[in-house]
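Going down the list, the sequences are from chains G and X.
Using our numbering, you'd call the opening residue of the first sequence number 1 and step up by one each time.
Using our numbering, you'd call the opening residue of the second sequence number 1 and step up by one each time.
Check each hint, because a few of them may be wrong.
Lysine-lysine pairs mimicking DSSO-like chemistry, simulated, CA-CA at most 27 Å apart [claimed, not checked]:
#, chain 1, residue 1, chain 2, residue 2
1, X, Lys71, G, Lys250
2, X, Lys60, G, Lys126
3, G, Lys126, G, Lys175
4, G, Lys275, G, Lys348
5, G, Lys71, X, Lys71
6, X, Lys122, G, Lys115
FYI, nobody ran anything at the bench for these hints, they're computed from the structure.
2 protein chains.
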Amino acid sequence: MLLKVFVIVLSISQVYSVPKRKSYSDLKSCNLGPLAKEIASYDTVVRSILDYVRGPFKGKTYAELAKFVDKFGARPSGSDTLEQSIDYLVQLTRDENIKDIVTEEVKVPHWVRGKEQFTLLKPRVKNINGLGFGSSIGTPPEGITAEVIVVSSFDEFSNISEHDVKGKIVVFDPKFVEYSVTNIYRTTAASVAAKKGAVATLVRSITPFSINSPHTGQQSYEENVVKIPTAAITVEDADLMRRMFERGEKIEVQIQMSATTNDDKISRNTLIDLKGTERPEKLVIVSGHVDSWDVGQGAMDNGGGVFISWAVPVILQRLNLRPKRTIRSIFWTAEEPGLIGATAYEAKHRNESHNIDFIMESDEGTFAPLGLVVTGTQEARCIIAEVLKLFESINASTLVESDSPSSDINVIVDTGVPGAGLYNANDRYYWFHHTEGDTMNVEDPDELDLGAAMWTAAAYVIADISVDIPRAQDKAKRS
Amino acid sequence: MLLKVFVIVLSISQVYSVPKRKSYSDLKSCNLGPLAKEIASYDTVVRSILDYVRGPFKGKTYAELAKFVDKFGARPSGSDTLEQSIDYLVQLTRDENIKDIVTEEVKVPHWVRGKEQFTLLKPRVKNINGLGFGSSIGTPPEGITAEVIVVSSFDEFSNISEHDVKGKIVVFDPKFVEYSVTNIYRTTAASVAAKKGAVATLVRSITPFSINSPHTGQQSYEENVVKIPTAAITVEDADLMRRMFERGEKIEVQIQMSATTNDDKISRNTLIDLKGTERPEKLVIVSGHVDSWDVGQGAMDNGGGVFISWAVPVILQRLNLRPKRTIRSIFWTAEEPGLIGATAYEAKHRNESHNIDFIMESDEGTFAPLGLVVTGTQEARCIIAEVLKLFESINASTLVESDSPSSDINVIVDTGVPGAGLYNANDRYYWFHHTEGDTMNVEDPDELDLGAAMWTAAAYVIADISVDIPRAQDKAKRS
Chain G
1 MLLKVFVIVL SISQVYSVPK RKSYSDLKSC NLGPLAKEIA SYDTVVRSIL DYVRGPFKGK
61 TYAELAKFVD KFGARPSGSD TLEQSIDYLV QLTRDENIKD IVTEEVKVPH WVRGKEQFTL
121 LKPRVKNING LGFGSSIGTP PEGITAEVIV VSSFDEFSNI SEHDVKGKIV VFDPKFVEYS
181 VTNIYRTTAA SVAAKKGAVA TLVRSITPFS INSPHTGQQS YEENVVKIPT AAITVEDADL
241 MRRMFERGEK IEVQIQMSAT TNDDKISRNT LIDLKGTERP EKLVIVSGHV DSWDVGQGAM
301 DNGGGVFISW AVPVILQRLN LRPKRTIRSI FWTAEEPGLI GATAYEAKHR NESHNIDFIM
361 ESDEGTFAPL GLVVTGTQEA RCIIAEVLKL FESINASTLV ESDSPSSDIN VIVDTGVPGA
421 GLYNANDRYY WFHHTEGDTM NVEDPDELDL GAAMWTAAAY VIADISVDIP RAQDKAKRS
Chain X
1 MLLKVFVIVL SISQVYSVPK RKSYSDLKSC NLGPLAKEIA SYDTVVRSIL DYVRGPFKGK
61 TYAELAKFVD KFGARPSGSD TLEQSIDYLV QLTRDENIKD IVTEEVKVPH WVRGKEQFTL
121 LKPRVKNING LGFGSSIGTP PEGITAEVIV VSSFDEFSNI SEHDVKGKIV VFDPKFVEYS
181 VTNIYRTTAA SVAAKKGAVA TLVRSITPFS INSPHTGQQS YEENVVKIPT AAITVEDADL
241 MRRMFERGEK IEVQIQMSAT TNDDKISRNT LIDLKGTERP EKLVIVSGHV DSWDVGQGAM
301 DNGGGVFISW AVPVILQRLN LRPKRTIRSI FWTAEEPGLI GATAYEAKHR NESHNIDFIM
361 ESDEGTFAPL GLVVTGTQEA RCIIAEVLKL FESINASTLV ESDSPSSDIN VIVDTGVPGA
421 GLYNANDRYY WFHHTEGDTM NVEDPDELDL GAAMWTAAAY VIADISVDIP RAQDKAKRS
């Protein structure tokens with residue numbers, strides 16, 4: 001999961017406004033009239049889906065996800081492994097007797113980490129567990145060896161003179177506040193520091209918890225600023241260097257990174273359609289992204305999201321349930337380097353964007369489902385809130401409001417399409433995010449079952465009810 | 001912390017009985033008479049110690065621990081770093097105007113990990129994050145490449161034929177129950193597997209939680225059994241191989257370890273005495289071990305234990321508090337390879353063992369103190385329980401009973417000396433234990449203050465009260 005890296009402003013003088021999540025509190029003003037009763041009548045089909053997933057389908061989502069991530073491991077943008085894993089998903093879906101599958105080509109970045117070595121040389125020699133950030137340049141083969149200054153914030157850095165930065169490695173040690181806030185250090189530190197003559201940056205991993213685990217992720221260079229190597233270090237090593245720095249000890253670090261940005265490659269978005277019975281042109285989209293970082297297995301980010309979205313057409317097909325509108329399951333490619341697949345899809349399908357009734361993505365974990373994170377008009381939220389009441393038996397009825405519901409689909413939601421991310425019990429999400437610890441051990445079979453069932457049933461109901469999910473402009477027209 | 005590795009039986013057919021901890025429930029039968037009142041009268045001095053540590057001494061224990069572990073990092077048995085760190089502790093104590101310090105030489109093992117590389121070759125190539133176990137032999141330079149079998153338990157292994165083990169690498173994947181139970185796989189797996197012709201063992205790290213973090217620790221070879229290389233792998237990789245194995249996939253792993261066991265080195269136990277005013281021959285001992293594993297900083301295991309024990313004479317000296325009995329602070333050496341320092345101390349001081357009134361060690365974390373883990377007669381426990389009442393204001397009054405209160409001192413407690421470990425809020429202790437994550441980030445300044453204050457005040461009261469802590473034989477004599 002990458003949170004809108006590319007809307008992050010590149011000048012630190014600008015204020016980065018964080019899309020805040022808030023619980024939806026104005027439901028009492030909802031007045032859906034007979035629609036409420038209509039939605040409530042889906043209770044039987046929702047229960048049949050829940051029963052199926054907890055019965056004959058039990059453990060299937062976990063088992064298929066495990067087979068997939070165990071077989072391919074990490075699936076970084078530009079890699080052959082990513083393409084092979086997409087082929088596998090297409091075949092796995094075909095094997096379910098679902099034939100309406102297309103892949104759409106997308107040009108994607110091909111950054112390769114190569115060998116990396118980070119070493120504390122002074123005040124004592126110690127290996128530093130680091131991970132270069134996506135799109136970082138490498139170092140010369142002999143590495144970069146330089147004195148370190150440790151800085152807590154961009155504010156603090158703005159008060160340090162160029163003289164004190166020039167030729168140095170800047171360690172940014174911002175305390176974790178929340179991902180969307182603290183993440184700006186990962187995404188922009190290199191250019192911020194390079195403007196004052198720094199030779200490299202090391203950034204405290206963006207996480208509230210660590211067992212000496214570095215967290216990678218995408219960064220981006222500002223135009224017309226010298227590019228310098230940039231990498232994550234662990235919370236522990238950042239804090240170690242902070243303490244040494246505060247004691248007035250001279251710190252020296254050597255960084256060796258052989259990262260390269262190669263020519264773009266062709267990858268693919270995967271679209272699986274379960275054609276609607278009455279209004280097939282109208283789409284309810286469920287989705288996740290197939291690519292991952294080049295560490296761990298990408299089980300959580302975002303294998304889980306892909307597999308509960310894969311489960312939607314599979315379960316409906318097996319249950320012979322066909323809603324009025326088409327359900328499209330999309331596996332985005334190249335989310336991690338900057339929502340590349342989703343951006344390409346939006347551009348390619350812009351002229352039929354009015355046909356997207358509702359778009360969903362799971363990219364913040366597939367822990368126990370709690371509800372949906374929704375973007376849309378008051379009317380749209382009222383309808384979704386009513387749909388969520390169908391999930392009271394599994395405690396997944398909470399509607400959270402956000403103008404940034406989930407990474408990839410933000411690209412489409414930003415054009416006015418209503419949508420939702422999976423709201424789930426993901427308190428520990430950032431403990432594993434973009435680390436070697438993103439493996440099947442984070443996933444739980446029963447939680448995946450609940451997620452798949454809820455994802456399937458919610459998509460079905462939204463795709464089958466008598467009304468479209470209203471959009472801002474619809475509302476404007478009516479009022 | 002190493003839990004009695006060397007009392008673990010080497011034949012799996014024998015039952016390994018785990019020393020169970022239980023809450024002390026028969027306090028109501030305590031009848032201390034006037035002693036209860038006497039102990040209660042220490043309330044003022046206990047409060048003055050607490051006030052001092054939370055006032056002028058605030059943050060000192062954390063700051064000194066941080067300076068120490070940041071300066072030296074890991075301090076494995078046999079290393080020059082360990083000896084330098086002992087010199088530093090002696091000087092740090094001298095600087096507090098404490099002169100009664102001796103070091104006693106001990107021959108200690110000198111195992112050196114060297115370079116290690118673990119690689120999954122089939123069904124796909126993947127780096128495995130592993131850590132050889134202390135005392136393991138290395139592999140030939142070209143490594144060992146072999147097919148893998150995955151086994152959950154020694155029970156399961158006993159049912160597998162030699163034919164199916166011979167020439168293979170055995171992955172033991174026991175689910176974590178509790179450290180003292182599951183740890184037997186780390187300590188004995190190599191010889192168990194070698195008896196059936198295995199060429200190496202990889203053992204699931206002994207931990208309830210992981211971010212792909214391998215946990216090292218000591219192992220021991222059974223006599224007259226072929227020695228094979230043995231290492232920890234992460235929970236994640238063990239589970240990955242289990243899943244692959246259960247799918248019937250052929251697994252092949254390459255292990256390269258250049259571990260060597262060198263000649264023993266001379267290290268030292270450090271003894272700091274605050275001489276008693278009335279009965280200086282009688283000892284109340286507080287302790288921790290200076291050595292650590294060769295990963296992380298050894299901040300938790302066992303820098304924290306050393307520094308709250310260092311704080312005891314320092315705080316009493318600063319407050320000009322001298323109890324009737326001598327308080328001895330001991331920094332054990334070479335605990336990790338098998339309680340080497342403590343065993344040497346016990347042998348050297350056996351003839352004066354009757355003078356040990358009470359012995360304490362902190363080696364299971366210095367999180368928020370909760371009380372003491374006590375070994376001793378009913379009478380002894382009644383007295384300690386009364387002392388613990390003095391710590392109700394900091395919620396550290398719990399007495400837990402155990403016949404194995406803390407690693408090193410078990411050697412002495414086993415001879416009939418009453419003793420205690422620090423009972424503390426260490427729920428996450430094994431998350432970091434013997435990993436790169438054992439750093440200052442696990443420690444908290446306020447919790448260390450509380451631990452140091454409680455450790456100091458408890459030792460003071462026990463060393464000053466009018467009665468000795470009774471022993472089993474005393475009781476036997478009397479009854």
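So, going through the hints one by one against the coordinates:
1. X/Lys71 to G/Lys250: Within the cut-off at roughly 13 Å; holds.
2. X/Lys60 to G/Lys126: Roughly 25 Å between the alpha carbons, so the hint for X/Lys60 and G/Lys126 holds.
3. G/Lys126 to G/Lys175: Given that 27 Å is the threshold and the Cα spacing comes to 23 Å, the pair holds.
4. G/Lys275 to G/Lys348: Holds: G/Lys275 and G/Lys348 sit about 20 Å apart, inside 27 Å.
5. G/Lys71 to X/Lys71: violated, 43 Å
6. X/Lys122 to G/Lys115: holds, 22 Å
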